[in-house]
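> Go ahead and model the full structure; you've got the sequences and the hints to work with.
So the protein lines, in turn, are chains A and B. The numbering of the first sequence is my numbering, which starts it at 33 and goes up by one. The numbering of the second sequence is my numbering, which starts it at 621 and goes up by one.
A couple of the hints might just be wrong.
If we take Cβ atoms under 7 angstroms as the criterion, some of the chain A residues that face chain B in the derived model are [as the list claims (entries may be wrong)]:
1) L36
2) D37
3) F40
4) A43
5) L44
6) Y47
7) E49
8) P51
9) L55
10) I59
Source of the hints: derived by calculation from the structure; they are not laboratory data. The beta-carbon is built from N, C-alpha and C at its ideal position, and this holds for glycine as well.
Each chain, written out:
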Amino acid sequence: MSNLDHKFKEALEGYTELPSPELWDKISAAVDEHNDQKGSGQLTEEPVAAPKKKALVVVWRKQFLAIASAAATIALFWTLAWEPTPEYNHRAPFNGTPTETDLSSTGTIWSPIEEALKKPATATKPSNATLDVTEVAAVTTPVKRPLAPRWEERLEEHEIELALEDDLMELEIVRSEFIQSPVKVIVEFDPEEATYFASNDEASKISKIVGEGAKNLGQNMAKIIGKGYLNWESAKVSVNHTLANISTRKTPKNK
Amino acid sequence: MEHLLEPCRAGDKKAQHELYQRMSPVLMGICRRYLTRIEEAEEALSNAFIKILTRLDRYSEEGSFEGWMKRITVRECLTYLRRGKNPFDLDWEGEVAAPVLHSDGAAHLLQLIQALPVGYRTVFNLYAIEGYQHDEIATMLEISVGTSKSQLSKARKMLKNQLPEFNAQDA
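Okay, structure coming up:
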């Protein structure tokens with residue numbers, strides 16, 4: 033720390049200033065409203081430990097339970113609907129074409145990405161020519177949903193906590209590649225929209241899902257094209273759903 | 621301060637008000653370092669205090685209660701800045717209008733910080749006063765470590781130009 037930093041730290045670390053007197057009334061009313069919404073007037077959530085890692089573990093456990101139950105439901109439907117994809121031999125030479133996973137085309141399962149892609153006001157143009165919707169366009173009819181508000185407002189309580197812990201970050205790189213032998217996954221986002229909030233970790237997890245799906249389909253490359261807000265849970269469900277649809281069409285039934 | 625924790629958690633209005641009276645000047649001081657306009661600082665303070673009072677059961681008592689409240693306030697200020705038209709204004713390279721200086725030391729230095737472009741100001745606050753490292757700042761502001769370092773360097777340079785004693789050292 034330089035002398036300059038030290039001078040400012042010493043002078044301003046304990047700097048105090050009185051807010052306007054009416055501010056407490058506003059805060060108090062908001063706290064009351066929050067407690068009323070909670071029902072009992074007292075918060076009943078489990079306490080979360082202060083260190084980052086512990087807090088995140090608690091949050092992720094809760095989210096994991098939600099994901100696990102959703103995945104189990106989807107898996108049940110899939111099992112009833114179609115046979116599994118034949119096992120992929122990753123040693124075999126690749127003869128296919130890259131799989132492109134357009135998150136806007138997942139239809140019945142909503143995700144912020146598909147919502148943003150459907151939004152005409154911000155649909156300036158797809159980020160590049162690789163946006164291939166033909167493969168999945170016929171899958172489902174888009175569901176009308178309200179436009180996405182600011183990213184903070186659409187977060188659940190636990191996700192807000194994550195955001196508070198800086199787990200949700202803006203994707204700095206518009207295009208990133210995740211190479212997972214033998215599958216290469218490319219994540220692309222439209223550079224014209226300024227706010228894509230996702231952690232690098234989320235992108236990595238999604239790429240694994242997509243990569244696994246592409247591998248099962250006998251592809252050596254998959255691509256996620258997104259625009260808008262990337263939320264791990266909804267994106268994961270969307271990606272799985274899209275891959276399931278692709279698999280369904282490519283997998284001969286009653287083999 | 622810690623003795624207010626349990627009654628505040630239980631929803632005791634009197635305890636919550638006492639906590640506010642004790643901490644609001646400190647937290648307002650933080651908000652004023654990040655947000656130059658008083659209305660903005662008060663809005664950030666208000667949001668931070670609502671979070672504090674509604675999330676008290678998430679405070680694990682492993683670290684200092686005051687530190688926990690300060691961290692929430694800093695992050696609330698960053699959230700407020702992020703909502704702006706040009707968050708953190710990192711490309712700003714223009715000149716700064718000379719601030720009207722107070723004779724009082726802290727207020728004088730606060731004005732110098734407030735006169736910095738928002739990107740310089742935010743990084744300087746986080747690094748020099750809050751004590752975060754560049755990698756932490758980079759994560760918080762969603763910028764690169766290099767950008768964080770350059771913003772700090774530019775902030776220091778600009779502040780030195782306003783402080784005669786540091787100008788003399790450089791000469």
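> None of the hints should be skipped; say for each whether it holds.
The hints, checked one at a time:
1. L36: holds (6 angstroms)
2. D37: Result: holds, 4 angstroms to nearest chain B Cβ.
3. F40: holds (5 angstroms)
4. A43: Interface hint status for A43 of chain A: holds (5 angstroms vs cutoff 7 angstroms).
5. L44: For L44 of chain A, the interface hint holds, since the closest Cβ of chain B sits about 6 angstroms away, which is under 7 angstroms.
6. Y47: Holds, about 4 angstroms.
7. E49: holds (5 angstroms)
8. P51: holds (5 angstroms)
9. L55: holds (6 angstroms)
10. I59: Status holds, d = 5 angstroms.
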